[in-house]
Amino acid sequence: MSNNIPENLRYSKDHEWVKVDEDVATIGITDYAQHSLGDVVYVDLPRVGDTFATHEAFGSVESVKAVSEIFTPVAGEVTEVNDALNDTPEDVNNDSYGAAWMLKIKMDNPNEADSLLSAEEYEEYLNASA
Amino acid sequence: MSTENLKKTPLNEVHRALGGKMVDFGGWDMPVQYTAGVIAEHMATREKAGLFDVSHMGEIWVEGEGAIAFVNRITTNDVTKLVDGQAHYSALTNEHGGVVDDLLVYRFDEGKLLLVVNASTTDKDWDWITSRVLDEAITLINASADYCQIAVQGPKALEIAQKFTDVNLPEIKYYHFTVDKFDGVDAIISRTGYTGEDGFEIYADKDEAVRLWNDLMEAGAEFGILPAGLAARNTLRLESAMSLYGNELGDDISPLEANLGWICKLNKGEFVGREAMARLKEEGLKKKLVGFEMVDKGIARDHFDVYIGDEKVGYVTSGSPAPYLKKNIGLAFVPTEFAKTGQEITIDVRGKKLAAVIVPTPFYKREK
Chain Y
0 MSNNIPENLR
10 YSKDHEWVKV
20 DEDVATIGIT
30 DYAQHSLGDV
40 VYVDLPRVGD
50 TFATHEAFGS
60 VESVKAVSEI
70 FTPVAGEVTE
80 VNDALNDTPE
90 DVNNDSYGAA
100 WMLKIKMDNP
110 NEADSLLSAE
120 EYEEYLNASA
Chain C
0 MSTENLKKTP
10 LNEVHRALGG
20 KMVDFGGWDM
30 PVQYTAGVIA
40 EHMATREKAG
50 LFDVSHMGEI
60 WVEGEGAIAF
70 VNRITTNDVT
80 KLVDGQAHYS
90 ALTNEHGGVV
100 DDLLVYRFDE
110 GKLLLVVNAS
120 TTDKDWDWIT
130 SRVLDEAITL
140 INASADYCQI
150 AVQGPKALEI
160 AQKFTDVNLP
170 EIKYYHFTVD
180 KFDGVDAIIS
190 RTGYTGEDGF
200 EIYADKDEAV
210 RLWNDLMEAG
220 AEFGILPAGL
230 AARNTLRLES
240 AMSLYGNELG
250 DDISPLEANL
260 GWICKLNKGE
270 FVGREAMARL
280 KEEGLKKKLV
290 GFEMVDKGIA
300 RDHFDVYIGD
310 EKVGYVTSGS
320 PAPYLKKNIG
330 LAFVPTEFAK
340 TGQEITIDVR
350 GKKLAAVIVP
360 TPFYKREK
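Residue numbers (numbering that gives the first Met the number 0), protein chains in the order written: chain Y, 0 to 129; chain C, 0 to 367.
Hint data in this document are derived by calculation from the structure and do not stem from the laboratory. Fair warning: there could be bad hints in the mix.
What the hints assert, rightly or not - Straight-line Cα separation of at most 25 Å, DSS-like style, residue types lysine-lysine; simulated pairs: (1) C:LYS351 - Y:LYS103; (2) C:LYS325 - C:LYS286; (3) C:LYS20 - Y:LYS12; (4) C:LYS20 - Y:LYS103; (5) C:LYS367 - C:LYS162.
All figures in this text were calculated on a predicted structure; none of them were measured in a lab.
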């Protein structure tokens, strides 16, 4: 299938996307991830003020059949959480890069996202694992 | 992914062509869902029609003069009460009164019964049943490999199925069946199902499977029929509070504990496990199966622990979102004294204790 992989974002091998705005990273899961999960029925997110190390699990996404943990690609403190996903978890399937942003993290290291994959590298990664 | 060692139904290629996401289900290569997804497949079955490949189920014939007496001696329900063309839900039990499998028993005539058993337990059941024969005048035939089975379920199921047979389907009562031509071939047409909706299960020669499936899909297109996989099959049966062997039932679980007292006719005469069950009934059940719905946000899953206060008292047998009810529900075993509607419980959901409440079952019941 053809994946939607916006150019202006960075990606992790766990299928999270990151949008960097100075030292704030907005994080969600990719189109590939939502497609693998199927219909998303519940998103479990942390609270504002929680802190996470790189690659720590910060929450989970649940489909009818399965639970998938989500890992933060960057370390830092949660500054905002998308509460709308409580009411419309299906946004993860319908608008994974827009309405389904999950949280914003103030990065401990503002350059950490540079070590993540570019859109091109993520696409290569997906093709290699197919 | 290699599926070499997995068993395949005659519809395997069809499932793949329809975009089925294939998984290993008890050694079978089966579709867990198709491109529409589990929620759409579930809702289609509740509102229009769903089509299910259940060819992996097992079929065992018991024939001869001693057929009824034999099956009556190894199952919990009363086989002597069946008439020709009638089926009932029952359980094969072991000497401890635990469930070897749940099944349907079909009576064709006084010398011919068909047992329809679960896919993952067919071999185990065959070994069990053949080992129970004493001196009865019967022949046992494992015909599982010869049959395909397709279920069409939902409010439009009858209208769709009617296109393929001269049998007046409204006349076949629930849990009754007939043998007649369906789409031009001999078939067992059974008004049964595992979804809580009206519908039919069609048993035919396995070589007819692909044609039957495609014809049913085509005939159902005007009604919005969808192929439905194992995930929808599970959410549908859970909303209807139907047991799944391996979850609510097992070798060490009594049907009495699992709300199946209604299929246990302890006064019908001797049967394997009767004594143990009668004793349990007299002593009083220690645990009972209840339905619950989540109160806190979150989803209870199979095997999670159930607490009352700080005490762990039981476990979830099946837990899942319920697509039609738009709630998160489940079945659980709790001690008998807590097994009442309104009882508050908490469930350990991956380290978090979430509130739930016991509710009456079934969670969903279709309008008649």
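Hint by hint, which ones does this structure get wrong, listed from lowest number up?
2 and 4
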